[in-house]
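Student: Order-wise, the sequence lines are chains S and B.
Taking our numbering, the leading residue of the first sequence gets 1, the next gets one more, and so forth.
Taking our numbering, the leading residue of the second sequence gets 1, the next gets one more, and so forth.
The set of hints was computed from the structure by calculation and includes no laboratory data.
All values reported here derive from a predicted model rather than from experimental measurement.
Treat the hints with caution; some may be incorrect.
Each computed BS3-like pair below joins lysine-lysine, with the alpha-carbon atoms no more than 25 Å apart [unchecked claim]: (1) S:380 x B:348; (2) B:226 x S:380; (3) S:380 x S:354.
2 protein chains.
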Amino acid sequence: MAYEPRHMKWWGWGNEDAEFCPSGHPGFWPYAKEVLEIERDDFGRREWDLESIELPEAFVDEKFLAQLRSFLNPTQISDDRKERVIHAYGKGFRDLFRLRRGLAGGAPDLVVYPESERDVCLTLRAAVERDVAIIPFGGGSNISGCLERMETGRMAVSLDMRRMRRVLEVDLRSFTARIEAGVFGPDLEAQLNASGMTLGHFPDSFLHSTLGGWIATRSAGMQSDKYGKIEDMVVALRMVTPEGELATRTVPKSSNGIDIKHLCIGSEGTFGVITEATMRVHARPERRMVPGYLFPEFEAGIEAMRECVRQECMPAMVRLNDPDKTALSMAFRPPASGFSKVAGSLFKNYLRVKRFSLPRACLMLTAFEGGDAAVARQLKQVQGIYRKCGAVSLGASAGKSFEATKYDFPHIRDFLLDRDVTTDVSETATMWSNITPLYKDTMTVLRDVIEKSGVRPWTGCHISHTYQCGASVYFTFGFRQNQGSEMEQYLRVKRAVQQSFIDHGATLSHHHAVGTEHLPWLAAEISTLGVHTIAAIKRSLDPANIMNPGRMQPSQNPFEDWTSLVNRTRSVLGVHDLLAKRGAH
Amino acid sequence: MAYEPRHMKWWGWGNEDAEFCPSGHPGFWPYAKEVLEIERDDFGRREWDLESIELPEAFVDEKFLAQLRSFLNPTQISDDRKERVIHAYGKGFRDLFRLRRGLAGGAPDLVVYPESERDVCLTLRAAVERDVAIIPFGGGSNISGCLERMETGRMAVSLDMRRMRRVLEVDLRSFTARIEAGVFGPDLEAQLNASGMTLGHFPDSFLHSTLGGWIATRSAGMQSDKYGKIEDMVVALRMVTPEGELATRTVPKSSNGIDIKHLCIGSEGTFGVITEATMRVHARPERRMVPGYLFPEFEAGIEAMRECVRQECMPAMVRLNDPDKTALSMAFRPPASGFSKVAGSLFKNYLRVKRFSLPRACLMLTAFEGGDAAVARQLKQVQGIYRKCGAVSLGASAGKSFEATKYDFPHIRDFLLDRDVTTDVSETATMWSNITPLYKDTMTVLRDVIEKSGVRPWTGCHISHTYQCGASVYFTFGFRQNQGSEMEQYLRVKRAVQQSFIDHGATLSHHHAVGTEHLPWLAAEISTLGVHTIAAIKRSLDPANIMNPGRMQPSQNPFEDWTSLVNRTRSVLGVHDLLAKRGAH
Numbered sequence: 001m002a003y004e005p006r007h008m009k010w011w012g013w014g015n016e017d018a019e020f021c022p023s024g025h026p027g028f029w030p031y032a033k034e035v036l037e038i039e040r041d042d043f044g045r046r047e048w049d050l051e052s053i054e055l056p057e058a059f060v061d062e063k064f065l066a067q068l069r070s071f072l073n074p075t076q077i078s079d080d081r082k083e084r085v086i087h088a089y090g091k092g093f094r095d096l097f098r099l100r101r102g103l104a105g106g107a108p109d110l111v112v113y114p115e116s117e118r119d120v121c122l123t124l125r126a127a128v129e130r131d132v133a134i135i136p137f138g139g140g141s142n143i144s145g146c147l148e149r150m151e152t153g154r155m156a157v158s159l160d161m162r163r164m165r166r167v168l169e170v171d172l173r174s175f176t177a178r179i180e181a182g183v184f185g186p187d188l189e190a191q192l193n194a195s196g197m198t199l200g201h202f203p204d205s206f207l208h209s210t211l212g213g214w215i216a217t218r219s220a221g222m223q224s225d226k227y228g229k230i231e232d233m234v235v236a237l238r239m240v241t242p243e244g245e246l247a248t249r250t251v252p253k254s255s256n257g258i259d260i261k262h263l264c265i266g267s268e269g270t271f272g273v274i275t276e277a278t279m280r281v282h283a284r285p286e287r288r289m290v291p292g293y294l295f296p297e298f299e300a301g302i303e304a305m306r307e308c309v310r311q312e313c314m315p316a317m318v319r320l321n322d323p324d325k326t327a328l329s330m331a332f333r334p335p336a337s338g339f340s341k342v343a344g345s346l347f348k349n350y351l352r353v354k355r356f357s358l359p360r361a362c363l364m365l366t367a368f369e370g371g372d373a374a375v376a377r378q379l380k381q382v383q384g385i386y387r388k389c390g391a392v393s394l395g396a397s398a399g400k401s402f403e404a405t406k407y408d409f410p411h412i413r414d415f416l417l418d419r420d421v422t423t424d425v426s427e428t429a430t431m432w433s434n435i436t437p438l439y440k441d442t443m444t445v446l447r448d449v450i451e452k453s454g455v456r457p458w459t460g461c462h463i464s465h466t467y468q469c470g471a472s473v474y475f476t477f478g479f480r481q482n483q484g485s486e487m488e489q490y491l492r493v494k495r496a497v498q499q500s501f502i503d504h505g506a507t508l509s510h511h512h513a514v515g516t517e518h519l520p521w522l523a524a525e526i527s528t529l530g531v532h533t534i535a536a537i538k539r540s541l542d543p544a545n546i547m548n549p550g551r552m553q554p555s556q557n558p559f560e561d562w563t564s565l566v567n568r569t570r571s572v573l574g575v576h577d578l579l580a581k582r583g584a585h
Numbered sequence: 001m002a003y004e005p006r007h008m009k010w011w012g013w014g015n016e017d018a019e020f021c022p023s024g025h026p027g028f029w030p031y032a033k034e035v036l037e038i039e040r041d042d043f044g045r046r047e048w049d050l051e052s053i054e055l056p057e058a059f060v061d062e063k064f065l066a067q068l069r070s071f072l073n074p075t076q077i078s079d080d081r082k083e084r085v086i087h088a089y090g091k092g093f094r095d096l097f098r099l100r101r102g103l104a105g106g107a108p109d110l111v112v113y114p115e116s117e118r119d120v121c122l123t124l125r126a127a128v129e130r131d132v133a134i135i136p137f138g139g140g141s142n143i144s145g146c147l148e149r150m151e152t153g154r155m156a157v158s159l160d161m162r163r164m165r166r167v168l169e170v171d172l173r174s175f176t177a178r179i180e181a182g183v184f185g186p187d188l189e190a191q192l193n194a195s196g197m198t199l200g201h202f203p204d205s206f207l208h209s210t211l212g213g214w215i216a217t218r219s220a221g222m223q224s225d226k227y228g229k230i231e232d233m234v235v236a237l238r239m240v241t242p243e244g245e246l247a248t249r250t251v252p253k254s255s256n257g258i259d260i261k262h263l264c265i266g267s268e269g270t271f272g273v274i275t276e277a278t279m280r281v282h283a284r285p286e287r288r289m290v291p292g293y294l295f296p297e298f299e300a301g302i303e304a305m306r307e308c309v310r311q312e313c314m315p316a317m318v319r320l321n322d323p324d325k326t327a328l329s330m331a332f333r334p335p336a337s338g339f340s341k342v343a344g345s346l347f348k349n350y351l352r353v354k355r356f357s358l359p360r361a362c363l364m365l366t367a368f369e370g371g372d373a374a375v376a377r378q379l380k381q382v383q384g385i386y387r388k389c390g391a392v393s394l395g396a397s398a399g400k401s402f403e404a405t406k407y408d409f410p411h412i413r414d415f416l417l418d419r420d421v422t423t424d425v426s427e428t429a430t431m432w433s434n435i436t437p438l439y440k441d442t443m444t445v446l447r448d449v450i451e452k453s454g455v456r457p458w459t460g461c462h463i464s465h466t467y468q469c470g471a472s473v474y475f476t477f478g479f480r481q482n483q484g485s486e487m488e489q490y491l492r493v494k495r496a497v498q499q500s501f502i503d504h505g506a507t508l509s510h511h512h513a514v515g516t517e518h519l520p521w522l523a524a525e526i527s528t529l530g531v532h533t534i535a536a537i538k539r540s541l542d543p544a545n546i547m548n549p550g551r552m553q554p555s556q557n558p559f560e561d562w563t564s565l566v567n568r569t570r571s572v573l574g575v576h577d578l579l580a581k582r583g584a585h
């Protein structure tokens, strides 16, 4: 293959040569130290040694391997140590915490790189025959536990889709493109841009995630306000299952019974492998503007968003930070940005005249896209609404600063992990009428549970991904680790937040998938019968249960299993157990 | 119940006192006579005698009935002759053809009117216990064969949902309403209008169809261009199945695995009964305009629609008639309409100057809705596009004439059936790049197959329900009946059209459901594995197969069964067979 996207570093987010650079954001560490009550600086630089990883010996079924070799070339099969470690997990807190302590119990025995749908079909066929588990893998950016192996007793293969990366066909008359599922965000956009088109899907993970991953997890891009969530963009798709191929017609809409597409979208690798999709695409916008605004308080910003819904003029992106997230954004800004200049004393005086209370002020980042005239018109209308809600404009610079760093936020977590700080995110979506109660109560729950562990909480929230009836509510939190019980501390916090979502009628996740992290709440979310129905579909498409096993079906003791997951995968997956079990059959 | 929508007449469309009135459309019959080569007028008036219907004796399981009586009041249960005949079929050609010949083999044994979700649950529980088939019934307007009983051997009940008609809750902040599924279009709009809201869903069947029916069949309203298809409007729903209740959370979007909503939407009564849904609603628009336009030819109109997609300014409704459908619209116009005035000789001269060839001219009907300023702006932009494509404006009158008669078109079919003319519709959807080939080839197929039966075809088409990537293509056709082989003649035509859709990569139906009429093509549409997966879901939710049995699963000889359906249901469903079979157990 001429081009193949690189793997992320196994110990954190992004490529091995990319990391959070404190000098690029000089205000950040002082801010973090203050809000998290950190009193030292001597954390030093950690070195990550692949050899120190406790990696279970690979169990390889030789007959399966021989079959693979009959239709794959040698570069498509890898049992390399590093490859196995990279494919052991996604990038959730729990994932990185384990890897950084040398635990890679979730690692597959083998990594396979299909280059065509035929490769996928034949691999699945061989896997069924030899009872081998298959875990589809896109960019490996998932943070909800979709990627680790969940069982012992048989061989597990990570099916890494990145070589299936072609845009196969662009229909310029119908504004669609047929695309292989393994393509990464930047590669996809480059190919589409060559035809003057864009998908318009820019999740935070854009650099390190794939089309197939987006579809399998119901991803949302930053500009979902205009372009929709990924499920709104899929016109047709193909999914290879152990029982054959599910394929839907390339038609705009249909009345053909239940919509089979939706058996594939969100299936998180448990039914089959999404190999290609025909997606709605858009002409690249003539004009793009990214102005920022400051609202006097959070409620005023929410009201402004809702009014844009009412007037049908929502920008392509909106992201309203609460006061603490606003403070974090200020602290995160590059040293010489225009935004930092306007945020100087003159501007502060102006805000004082406007009766802004800075500790309550909320940053709203927006993006406008389209034809020149349409953008100008929409901007005027939106600004009129924002002004009525008390906002002041920060000009284009706030947005530009955000644009420049928008894919860098996940690096902060690694930086803080290096400094014994746990950070994570939990996001949901709810109706406009429920956003404020959900926000207030969840914040209380979150701060309480963190304080109970004896440390000071940092919590922030932003509202984004608006729809006519509601929006996503995205919580970020951080705290100093309880040394020796970091995971227990983390799980108590995570559980409290998720439970608050469910208690408040919100969803368990707006765009991060179920995986293992949200599994205990699945029945509360989609009803017990919903869970049973998924099991029935699974039995039908994957009777041998080879596809990403152990997911989508909460156990009898879901919370117990959820809490003990970190220990379970460490102890259970010894290769000797595996071999012994195989021998017995 | 204070209010209950009336049933439609059993022999045709609409209420018993409503029918097509030739004097209201003086040009229509002369036009029809000419294009269909009809040479007589002496068809007289048919009288429809309920007593002449050959209705199988009802088979009633007394234990089931006793159970029903324990939780329903007497007005909720009916074995009345007329009720059974009304619930025997929907309103497809095949349905009316049989009823008008006195055949009601599809009739249920009993009609039940639930008034609450509890009534539905208890009825399904009793039905499972006594092995009774349940056929959910909304307004009875379906034309794809979703409603007739398909099997013998056990009792069948039509579950008529019309008494579950309340808007339970309107969330004005979130623009949603929670609504019982049995509500009819006008009743629903009246209730929503009381809160200043509208659903924005106006299918041709609006007067005689229900929310639950729309959701179960994936209906589309005339203004789907703005408000979306019904599946785009559902925020959450509840479906009672024999195994319990499927319920989804009221959240704008989620990443909670596969979207369980889509196991209910389009399920056509085969998995359970949709009892309520939370729907997106909209403030009633300040302004509504319905201008009409004339395009020099069909292609120019299609190009104009596509350009509106590109410029993101599609009207709330667009409906582009091809030349023959345009001629029909002209013939259908009321005697003194403004449209008829402008279509006078002056206007014809104007068109000649504009180099319009009237036989090729195409009528485009549109609707614009929203705030005053937005409508004015959008109108200007759209008219600019239309003008560039050669269109001339017909002013507001063309649209007003359409608005006044838009729900009356189905009456024409009854009027023509009375005159030995078969008319029907077949509709599909396809990508913009495929509309012209599909249109041209399907027209050829359609005209050929009608001509082969020895009569002159009338065919027309309109394009409507636009999406970013394509639109619905809606064919209407009519021809003189071959006396004595009317059904065979009809089925040959219908089959040819549907086959053409599938051959051209289009969908088997855009908004009319699968039912029995489109069942033979289901595997071609959603893949064989898709059909098997639906069967698996069905086994899981309805293991005793009591819900609308005989649907969604094509038989081994789908076309043979499809062709013989009319005879099968007549001969098989004798009550004596039923009784004999029951006795044997």
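Student: Now tell me, hint by hint, if it's right for this structure.
Tutor: Structure-based check of all given hints:
1. S:380 x B:348: 44 Å, violated
2. B:226 x S:380: At roughly 23 Å apart (the allowed maximum being 25 Å), residue 380 of chain S and residue 226 of chain B satisfy the hint.
3. S:380 x S:354: 21 Å, holds
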